[in-house]
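Protein chains: 2
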Amino acid sequence: MEKRLFDDFSRALRFFPCFPCVLVTTDENIITIAMVHIFSFSPPLIGIGVSPDRYSHSLLKKFKEFVVNIPTKELLEKVSFCGENSGRDIDKFKATGLEKEKSMKVSAPSIKDCPANLECKVIKEIETGDHTWFIGKVLSVRVAKDYNKEEAILYWGGLYRIPGKVIARRH
Amino acid sequence: MEKRLFDDFSRALRFFPCFPCVLVTTDENIITIAMVHIFSFSPPLIGIGVSPDRYSHSLLKKFKEFVVNIPTKELLEKVSFCGENSGRDIDKFKATGLEKEKSMKVSAPSIKDCPANLECKVIKEIETGDHTWFIGKVLSVRVAKDYNKEEAILYWGGLYRIPGKVIARRH
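Same order as they appear, the protein sequences are chains D and X.
Here the first sequence stands for residues 72 to 242, numbered as in the working numbering.
Here the second sequence stands for residues 72 to 242, numbered as in the working numbering.
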């Protein structure tokens, strides 16, 4: 296998195949985020990476809470819209028709159309390069009874995908 | 859509569909990790989450460097093996037959069989719940000329997958 050295590291980061793509609500705004991961199982912590120039960054700093809403591929256009427009200029709930649902433990609304809603309270903020990672403790989880993770959306390197086929189960 | 409240938050974290699954080398050991993400583009930073009870945790604390090796689905059995066995007990290079390749900027070896190798130096360690996140600055990237991210492995919730089909491109 012949390999070549890459000078443009930022471009090289696109070699990762894909990450889950979620809708994060904070205050009354929605952002589309693929910079999201589980940070701990016990306690259950989820982190989201947000650039300081995003409108939601100021909201997260102010309100210290967010909801991770896992969308389905049927919502792809709304997901894409929320990733390409700023809440400074528009009300994304109104613009997309996504429906608010009262959250259980935080004041930010959940998105009713999304089959999984994980409510988080920010317990730590980490500055790493060009992103702030907000680490949230999970306070409430609501999941659709017919939740099907095969319908989720993945994203990275400019490509939206669905999860691929299962090739093995962990022993 | 009828939703139910989840009491077991750790189990609820399995609702995320999948994350990239990589082989991380540090010192002479290999660990399989799905707790990996890009933390920043400029500077290019990659973070890996490692439980303190893992052998690699002590190696990362000591050597402060690692290589993220992106495997292909052809390596699935070796990837699975490296996730289920500890480097305390065995030499995983010998046990799997994976081949070492000298790295460019760090002393930990790269894995020759993997089409992408991202060498990182730890610049920050973050304690979050039951994992330590080691944030590494990317120092070198080597990628196979015929690299194909469709061949990558994804993992979460006990399931290994391949990336699913592309359903849209970012405008």
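Check the hints yourself; a few may be wrong.
It does not matter which identical chain is used: a pair holds within one copy or between any two.
In silico DSS-like pairs for lysine-lysine, Cα to Cα no more than 30 Å straight-line [to be verified]: (1) Lys-216 x Lys-183; (2) Lys-236 x Lys-195; (3) Lys-216 x Lys-132; (4) Lys-220 x Lys-144; (5) Lys-220 x Lys-74; (6) Lys-171 x Lys-149; (7) Lys-176 x Lys-236; (8) Lys-236 x Lys-132; (9) Lys-133 x Lys-216; (10) Lys-192 x Lys-236; (11) Lys-149 x Lys-216; (12) Lys-176 x Lys-74; (13) Lys-133 x Lys-236; (14) Lys-133 x Lys-220; (15) Lys-236 x Lys-220; (16) Lys-208 x Lys-132; (17) Lys-208 x Lys-135; (18) Lys-74 x Lys-236; (19) Lys-236 x Lys-173; (20) Lys-135 x Lys-236.
It should be emphasised that the hints constitute simulated quantities derived from the structure, not laboratory data.
It should be emphasised that the depicted structure is a prediction, and the values quoted were computed from it without experimental measurement.
Right, here's what the structure says about each hint:
1. Lys-216 x Lys-183: Answer is within; shortest intra-copy Cα gap is 13 Å, inter-copy 44 Å.
2. Lys-236 x Lys-195: neither (35 Å within a copy, 35 Å between copies)
3. Lys-216 x Lys-132: Classified as neither: same-chain Cα gap 33 Å, cross-chain 43 Å, threshold 30 Å.
4. Lys-220 x Lys-144: Both: 10 Å inside a chain and 21 Å across chains, each within 30 Å.
5. Lys-220 x Lys-74: Result: close only across copies, 15 Å inter versus 35 Å intra.
6. Lys-171 x Lys-149: within (14 Å within a copy, 45 Å between copies)
7. Lys-176 x Lys-236: neither (35 Å within a copy, 36 Å between copies)
8. Lys-236 x Lys-132: For Lys-236 and Lys-132, neither the intra-copy (38 Å) nor the inter-copy (36 Å) Cα distance is at most 30 Å.
9. Lys-133 x Lys-216: neither (33 Å within a copy, 46 Å between copies)
10. Lys-192 x Lys-236: neither (34 Å within a copy, 34 Å between copies)
11. Lys-149 x Lys-216: Within one copy, since 23 Å is at most 30 Å while 36 Å is not.
12. Lys-176 x Lys-74: between (50 Å within a copy, 16 Å between copies)
13. Lys-133 x Lys-236: neither (41 Å within a copy, 38 Å between copies)
14. Lys-133 x Lys-220: Neither, since 32 Å and 38 Å both go past 30 Å.
15. Lys-236 x Lys-220: both (11 Å within a copy, 15 Å between copies)
16. Lys-208 x Lys-132: both (15 Å within a copy, 25 Å between copies)
17. Lys-208 x Lys-135: Classified as both; 11 Å inside a copy, 28 Å across copies.
18. Lys-74 x Lys-236: Classified as both: same-chain Cα gap 28 Å, cross-chain 26 Å, threshold 30 Å.
19. Lys-236 x Lys-173: Neither way: Lys-236 and Lys-173 sit 34 Å apart in one copy and 34 Å across, limit 30 Å.
20. Lys-135 x Lys-236: neither (37 Å within a copy, 36 Å between copies)
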